[in-house]
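A.B. asks: The residues making up each chain are set out below.
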Amino acid sequence: MLSPTLPVEENKASTPGPRDDIIVFKDVALAFEDNQVLNGISFRLHRGETKAIFGVAGTGKSTILKLVLGLIKPDAGEIYVLGQNVTEMSEQALFDLRRKIGMVFQESALFDSLTVRENVAFRLMEEGGISEQEIEQRVRESLRFVELEHTVDMFPAELSGGMRRRVAIARAIITQPEVLLYDSPTGGLDPVTSTTIVELIVKQRDVYKTSSLLVTHRLQDAFTMATSYFDRGTNKMRPLPPESRAQVPITFLILRDGKIIFDGNVRELKRTTDAYIKEYIS
Amino acid sequence: MASGDLLEGVELISPAEWAKGKVKSAQDYFLLCVQAVANLFRRPFYMGDTMQQADLIGFGSLPIVLAACFFTGAALALNSATTLSRFGAQTVIGQLVSIGIIRELGPVLAGLVVAGRNASGMASEIGSMIVTEQIDAMRALGTDPMKKLVTPRVISTIVMLFFLTILGDFLGLIGGSLVASGLLGLDSREYWSNAWQTLVFSDVFMGLAKPVVFGFIVATIGCYYGLSTKGGTQGVGRSTTEAVVASMILIIAVDVVVTRFLMVLLPS
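Taken in order, these protein sequences are the chains called A and B.
As numbered in numbering that gives the first Met the number 0, residues 0 to 281 make up the first sequence, in order.
As numbered in numbering that gives the first Met the number 0, residues 0 to 267 make up the second sequence, in order.
Derived by calculation from the structure, the hints in this document are not laboratory data.
No experiment lies behind these values; they were computed from the predicted model shown.
For every residue, glycine included, the Cβ atom is placed at its ideal position computed from N, Cα and C.
There may be inaccurate statements among the hints.
To be verified - Here are the simulated distance ranges between beta carbons:
no., chain 1, residue 1, chain 2, residue 2, range
1, A, D74, B, P43, 32 to 38 Å
2, A, A30, B, A25, 24 to 30 Å
3, B, E16, A, A156, 57 to 63 Å
4, A, K235, B, G47, 39 to 45 Å
5, B, E16, A, E278, 37 to 43 Å
6, A, R231, B, P43, 35 to 41 Å
7, A, Q35, B, S13, 20 to 26 Å
When you get a sec, could you build the whole thing from the sequences and use the hints?
C.D. replies: Below you can see the structure in the form of structure tokens.
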């Protein structure tokens, strides 16, 4: 049997050059009053790579995503996103940069007074200059991607938790952003719905090669992503044979007490001798 | 019960910290006001959102503003009649009601009604969006919440309060007229003639300038407290209450300042 053709083979995450850095954190520190949340955080996200961020509650995982978007500013350090230093940018300049980034919030953060159509189309309508016909077409494409085309006229309150997350993914990908940020996309969902969400993230990674930061508590989700690929023929996520898994552009970043204690791929993670990490992944 | 138990869970802050917090709030509110005004001249203009808010604020508040002004005009006529009858001057009720309603009571009543109804609505709506991360989502999607949420509310509140005040003034005069002719037996034409002829430019100007100021206060205070919401649903409730209290107090206090300022600027 032939190994499946990996869309991820084209990825160059293993040997990145300077231009391949989508996100760069340099000695970033942030405190909320007396609570030092991040303390000297440095890492890079390469083009096409997915980086899964782990850590116990309150270690600043979601804060990292908000820092990437410039929603909050660090106390120290520098953050580069798509080559721009977000720590020095004005709010107005950040709005332009944010249009190139998709974000899936922890609780979906859909606009509850707007329909699914209006939520997904929000960014296109704000950009202006796009015909209603094109907006409708792109909204339906996005919703088809998450298999929720039938919900187009519904309100967020009428959807289940899993459906809301999928609509949030549709909203984030409608403009095909260069980088996607997922904040606990499977948090609070049942295992079956979680797998659906993971499948969508893998689909986005393998079909569109989008770089992404994924904050999650669920290690099994990240391992599923590290050992699977999206089969366009069957439109399903499939497990990869062990010999092909090294090609999957996914890395792991573990936070503890505001510091990074691990940043590497799945093989390095399995070989770690750190007692805390061993306990964490066991 | 020991005094320690009474204070359990109560967070005590120093007067200096309290003062710093208040100065910071005043500074944030001032910045919001500046941005709201500056955004009037910056693209994009959210006409759809502005019209939607105008409908919500204007037509939604119309019955209660009209009712408040109508009954206040009637009560003013009744109360003045008691005093004026002692001097045999009941015929000037029209003048008194007209000046009282148009210069003072119409704008203040309409402002207070809209503050009670809409400052709370704005604070709770925007506050709910804050606690459910919808505002962060809006910023993440590249949209400025100040332009999308605050500026349309400021424009629509100012415009609608202006017209609500005009209608309220008219209903107040009608209320006074019904009392004057129905209960006090005065000639209706004389009432309206007095009410009309007593008005000078400064009265009308004062009556129309105040709702513009009050509308700005209601919208900016409502949005400010909404955007400052912290602490989940309890925080939304707190913001809502604070927005109503602050906007009502500010309207009454600013009314004195505006009245004095316009009296100096436009002496009768």
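A.B. asks: With reference to the structure, classify each hint as holding or not holding.
C.D. replies: Right, here's what the structure says about each hint:
1. For A:D74 and B:P43, the hinted distance range of 32 to 38 Å is satisfied, since their beta carbons lie about 33 Å from each other.
2. Between A:A30 and B:A25, the C-beta spacing of about 25 Å keeps the proposed range 24 to 30 Å intact.
3. Range check, B:E16 to A:A156: Cβ separation about 40 Å, and the 57 to 63 Å hint is violated.
4. A hinted range of 39 to 45 Å for the beta carbons of A:K235 and B:G47 is consistent with their spacing of about 41 Å.
5. Between B:E16 and A:E278 the beta carbons are some 41 Å apart, a value that agrees with the proposed interval 37 to 43 Å.
6. Distance hint check: the CB atoms of A:R231 and B:P43 are about 38 Å apart, consistent with the given range 35 to 41 Å.
7. Our hint of 20 to 26 Å for A:Q35 and B:S13 holds, since their Cβ atoms are close to 23 Å apart.
When the structure is compared with the earlier hints, a violation turns up for hint 3 alone.
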